[in-house]
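Trainee: Protein chains in written order, with the working numbering: chain A, 1 to 197; chain B, 1 to 197; chain C, 1 to 197; chain D, 1 to 197.
Think of the hints as simulated: they come from the structure by calculation, not from any bench.
Treat the hints loosely; a few may be bogus.
[To be verified] Stretches of chain A that chain D covers, calculated by requiring three or more beta carbons in the stretch to come under 8 Å of a beta carbon on chain D: (1) 8-22; (2) 54-61; (3) 65-78; (4) 111-118; (5) 141-152.
[As the list claims (entries may be wrong)] Straight-line alpha carbon distances no greater than 25 Å define the calculated SDA-like cross-link-like pairs of lysine to any residue that follow: (6) 71(A) / 3(D); (7) 71(A) / 191(D); (8) 71(D) / 69(A); (9) 71(D) / 3(C); (10) 71(A) / 183(B); (11) 71(C) / 191(D); (12) 71(B) / 139(C); (13) 71(C) / 190(D); (14) 71(A) / 191(B); (15) 71(A) / 71(B); (16) 71(C) / 173(D); (17) 71(B) / 5(C); (18) 71(B) / 192(C); (19) 71(B) / 140(C); (20) 71(D) / 128(A); (21) 71(C) / 54(D); (22) 71(C) / 74(B); (23) 71(A) / 6(D); (24) 71(D) / 133(D); (25) 71(A) / 74(B); (26) 71(B) / 3(C); (27) 71(B) / 26(B); (28) 71(A) / 195(B); (29) 71(C) / 5(B); (30) 71(C) / 6(D); (31) 71(D) / 140(C); (32) 71(A) / 62(B); (33) 71(B) / 188(C); (34) 71(D) / 165(A); (35) 71(D) / 106(D); (36) 71(C) / 73(B); (37) 71(D) / 104(A); (38) 71(D) / 191(A); (39) 71(C) / 58(D); (40) 71(D) / 68(A).
The beta carbon of each residue, even a glycine, is placed where N, CA and C say it ideally should be.
These are the residues of each chain, in order.
Protein chains: 4
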Amino acid sequence: MFQNSHSRLVAIFDGVFAVVLTLMVLDIDVPERITWATMSATGWKVLLYMISFGVVAQYWIYHQELFHAIKEPTIQLLVYNFIYLGFICLTPFATSFLSDHPREQAGALMFAGVIFLVDAAQFILFRLVIRAGGGRAQLTPHDQEEYRGAATMLIISGVYIMVGLILPQWLLLVIVLGLFGRTVQTHLWRRWAARHG
Amino acid sequence: MFQNSHSRLVAIFDGVFAVVLTLMVLDIDVPERITWATMSATGWKVLLYMISFGVVAQYWIYHQELFHAIKEPTIQLLVYNFIYLGFICLTPFATSFLSDHPREQAGALMFAGVIFLVDAAQFILFRLVIRAGGGRAQLTPHDQEEYRGAATMLIISGVYIMVGLILPQWLLLVIVLGLFGRTVQTHLWRRWAARHG
Amino acid sequence: MFQNSHSRLVAIFDGVFAVVLTLMVLDIDVPERITWATMSATGWKVLLYMISFGVVAQYWIYHQELFHAIKEPTIQLLVYNFIYLGFICLTPFATSFLSDHPREQAGALMFAGVIFLVDAAQFILFRLVIRAGGGRAQLTPHDQEEYRGAATMLIISGVYIMVGLILPQWLLLVIVLGLFGRTVQTHLWRRWAARHG
Amino acid sequence: MFQNSHSRLVAIFDGVFAVVLTLMVLDIDVPERITWATMSATGWKVLLYMISFGVVAQYWIYHQELFHAIKEPTIQLLVYNFIYLGFICLTPFATSFLSDHPREQAGALMFAGVIFLVDAAQFILFRLVIRAGGGRAQLTPHDQEEYRGAATMLIISGVYIMVGLILPQWLLLVIVLGLFGRTVQTHLWRRWAARHG
Numbered sequence: 001m002f003q004n005s006h007s008r009l010v011a012i013f014d015g016v017f018a019v020v021l022t023l024m025v026l027d028i029d030v031p032e033r034i035t036w037a038t039m040s041a042t043g044w045k046v047l048l049y050m051i052s053f054g055v056v057a058q059y060w061i062y063h064q065e066l067f068h069a070i071k072e073p074t075i076q077l078l079v080y081n082f083i084y085l086g087f088i089c090l091t092p093f094a095t096s097f098l099s100d101h102p103r104e105q106a107g108a109l110m111f112a113g114v115i116f117l118v119d120a121a122q123f124i125l126f127r128l129v130i131r132a133g134g135g136r137a138q139l140t141p142h143d144q145e146e147y148r149g150a151a152t153m154l155i156i157s158g159v160y161i162m163v164g165l166i167l168p169q170w171l172l173l174v175i176v177l178g179l180f181g182r183t184v185q186t187h188l189w190r191r192w193a194a195r196h197g
Numbered sequence: 001m002f003q004n005s006h007s008r009l010v011a012i013f014d015g016v017f018a019v020v021l022t023l024m025v026l027d028i029d030v031p032e033r034i035t036w037a038t039m040s041a042t043g044w045k046v047l048l049y050m051i052s053f054g055v056v057a058q059y060w061i062y063h064q065e066l067f068h069a070i071k072e073p074t075i076q077l078l079v080y081n082f083i084y085l086g087f088i089c090l091t092p093f094a095t096s097f098l099s100d101h102p103r104e105q106a107g108a109l110m111f112a113g114v115i116f117l118v119d120a121a122q123f124i125l126f127r128l129v130i131r132a133g134g135g136r137a138q139l140t141p142h143d144q145e146e147y148r149g150a151a152t153m154l155i156i157s158g159v160y161i162m163v164g165l166i167l168p169q170w171l172l173l174v175i176v177l178g179l180f181g182r183t184v185q186t187h188l189w190r191r192w193a194a195r196h197g
Numbered sequence: 001m002f003q004n005s006h007s008r009l010v011a012i013f014d015g016v017f018a019v020v021l022t023l024m025v026l027d028i029d030v031p032e033r034i035t036w037a038t039m040s041a042t043g044w045k046v047l048l049y050m051i052s053f054g055v056v057a058q059y060w061i062y063h064q065e066l067f068h069a070i071k072e073p074t075i076q077l078l079v080y081n082f083i084y085l086g087f088i089c090l091t092p093f094a095t096s097f098l099s100d101h102p103r104e105q106a107g108a109l110m111f112a113g114v115i116f117l118v119d120a121a122q123f124i125l126f127r128l129v130i131r132a133g134g135g136r137a138q139l140t141p142h143d144q145e146e147y148r149g150a151a152t153m154l155i156i157s158g159v160y161i162m163v164g165l166i167l168p169q170w171l172l173l174v175i176v177l178g179l180f181g182r183t184v185q186t187h188l189w190r191r192w193a194a195r196h197g
Numbered sequence: 001m002f003q004n005s006h007s008r009l010v011a012i013f014d015g016v017f018a019v020v021l022t023l024m025v026l027d028i029d030v031p032e033r034i035t036w037a038t039m040s041a042t043g044w045k046v047l048l049y050m051i052s053f054g055v056v057a058q059y060w061i062y063h064q065e066l067f068h069a070i071k072e073p074t075i076q077l078l079v080y081n082f083i084y085l086g087f088i089c090l091t092p093f094a095t096s097f098l099s100d101h102p103r104e105q106a107g108a109l110m111f112a113g114v115i116f117l118v119d120a121a122q123f124i125l126f127r128l129v130i131r132a133g134g135g136r137a138q139l140t141p142h143d144q145e146e147y148r149g150a151a152t153m154l155i156i157s158g159v160y161i162m163v164g165l166i167l168p169q170w171l172l173l174v175i176v177l178g179l180f181g182r183t184v185q186t187h188l189w190r191r192w193a194a195r196h197g
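Bound-form chain A, shown alone (with noise of 0.2 Å):
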């Protein structure tokens, strides 16, 4: 009588996914006069609003995928579901401590602690994913894509970590460089696959 549901937990997921990208948005203020000074504070939130979503939507686009290949979720995948949701929200908060503390490492460390945070439970719902399917051996060359995606984006968070530590002034840009080589490097990756089958 009483099961799990399959659609009901990826719509919840994709109804917080949608929240936490819309709210992240409320944290750029009006400025109250228009002034260069406040002007580039503005636009320096939304540069910073901006990466946020580029970095909370590539955690959908994997999650989404991750999913896919789930038909009948258990109890324990989604309490580790659960986990996972519970740090992707607190990256508005990240974001919002990173905005206002630009330059201190305090907020470096702040934000580049959530994404570790997100990026190990993803890592982790990959590996739980991939033994309920059959373990690695299942896995087709896009699936190994996938999941050293996860297994990287893991690593390259705690060299957020360390950069947070030694030059908390430059993690942004490193974000951005991350992002951007990932999707370049996808990109890549994808028209070779679809070349060469």
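Given chain A's structure and the hints, the job is docking chains B, C and D onto it.
Mentor: Same frame as chain A, but now just chains B, C and D:
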């Protein structure tokens, strides 16, 4: 021509749960100055957020299991569901209240009271769905477990209210222990059930 | 290639309703100091929230019944739906307004006015859907009841405006009585219909 | 094992649109004192909210028509969609900005600029979807109309930027006329098409 729709009832529920889960994070303010005092206050709010997130996520897991059993929602079920949903929507407020008044009886009682209302509404929903499905005789062992879970939650939330009255400052610890205890208990039960069929 | 999608129209509606239902709770501020005065002010806001929640939930129940009848939304129906949705989105603001100015005519009129707009848009939607479905001759007794319900709500919201003009401080009581009265009436009607076929 | 999901892409889009449509209303503050001055300021904000609501609703209508044509989203389409979505999420901020600086060039340019970005991203999406569907030769007359609509919107948003530069205080009127004009034009076109097959 005009009929109640199961898929839409589920859609609005998941939507409301998604917004509730995400709104609670808005309560974590970014401190203006970074000191040990402000950072520990922020850490406290993050912790409280995570506990509330876990509580609401647990309600959602129960709700989606419960609603799997409903094929055609009656108007009565719709109305009771919205009453339940109205109490769920109060959790961000109750979390906020407890967050601002963590050591006062009023904060603990407000939080425990909202949880009690949700648990009571959840228990009534379970009874309605079970009655509509042909009574307790139709329940599988797993269904029975879920129903007992809903009853246990209602009793425990009565305990929360008493803790809030007598030892308000211990309420959160009791809630975390309850949440963690339930997860461990469910985990053990599932492992046992998987082994013994 | 490009076509209107019924499932997506429903998805955005449920999404907006979910956010509206949840946003209204943001209006309940946590008092800084806990005294009888601040707590009774908070209690008043919680009460008002619950009434608004009931009002919006009632609209949603009507809307999902209404849309069950639509198979292929026309562009005209899309536009009227968004007009209706735009008024629904104003309810958190109207609730907020009444909450801050509970004894003033302006607050009562703002609230009653928004409800009137929603009810008028809802009535027009009913007429459009019924016309698209072949006219009133095609309505089952249950459909007729829903249509009369939408018409009654429009008339009652006219009464709300008059109450707001003459006795603004009684508006909420009148709304609660109306909401409760409708639920009881529907309940009795369904019981009667179930018994007499 | 891991694949992109059309239904989830649609779900997150509708979720984000739903939140954006609803968040804009948060910008309407309740005046502390009710006077003609504060009420006319509130009325102005309600009007601006309605215009923005209409603008975003129009984007949503186009988007759901466009996505009806996509069966399997590619990663490229996903990325472009999120860029489009990121600009859509900026509309509440742009509305807020214009609301606070209605007579200044900066407010008008910010609003017109965001609309231009959305229109440009929408136009690129149309081109991508049409190319994936086999090129312009595959378009039905209705598809052609939608495609021309997207192109017209991009051109008009260029006009908005010029209006924002030269006559910022007239921008909203121009937008309303454009919105209303498009609705009337579409209405007439559909009526004409319905009559002439």
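Trainee: Keeping to a limit of 25 Å between CA atoms, is the pair of residue 71(B) and residue 192(C) held or broken?
Mentor: Roughly 23 Å between the alpha carbons, so the hint for residue 71(B) and residue 192(C) holds.
Trainee: What's the verdict on residue 71(C) and residue 73(B), does the C-alpha distance respect the 25 Å limit or exceed it?
Mentor: Distance of about 20 Å is within 25 Å: holds.
Trainee: Assess, step by step, whether the Cα of residue 71(C) is no farther than 25 Å from the Cα of residue 173(D), and give holds or violated.
Mentor: 36 Å, violated
Trainee: Has the region 54-61 of chain A got at least three residues whose CB is nearer than 8 Å to a CB belonging to chain D?
Mentor: Coverage by chain D holds for the region 54-61 of chain A (4 residues, Cβ < 8 Å).
Trainee: Straight-line Cα separation of residue 71(C) and residue 191(D) no greater than 25 Å?
Mentor: Given that 25 Å is the threshold and the Cα spacing comes to 20 Å, the pair holds.
Trainee: Are three or more residues of the region 8-22 of chain A within 8 Å, CB to CB, of chain D?
Mentor: holds (count 9)
Trainee: Between the alpha carbons of residue 71(C) and residue 74(B), is the straight-line distance 25 Å or under?
Mentor: Status holds; Cα separation ~22 Å.
Trainee: Examine the region 111-118 of chain A for residues whose CB is less than 8 Å from any CB of chain D, and state whether their number is three or more.
Mentor: violated (count 0)
Trainee: Hey, residue 71(C) versus residue 5(B), does the alpha-carbon distance stay inside 25 Å?
Mentor: 14 Å, holds
Trainee: What's the verdict on residue 71(D) and residue 133(D), does the C-alpha distance respect the 25 Å limit or exceed it?
Mentor: Roughly 10 Å between the alpha carbons, so the hint for residue 71(D) and residue 133(D) holds.
Trainee: Going straight from one Cα to the other, do residue 71(A) and residue 195(B) come out at no more than 25 Å?
Mentor: Measuring from Cα to Cα gives roughly 22 Å; hence the hint holds.
Trainee: Under the criterion that the straight-line Cα-Cα distance not exceed 25 Å, is the pair residue 71(A), residue 183(B) satisfied?
Mentor: Distance of about 22 Å is within 25 Å: holds.
The structure is inconsistent with the numbered hints 4, 7, 16, 20, 25, 26, 27, 31, 34, 35 and 37, although it conforms to all the rest.
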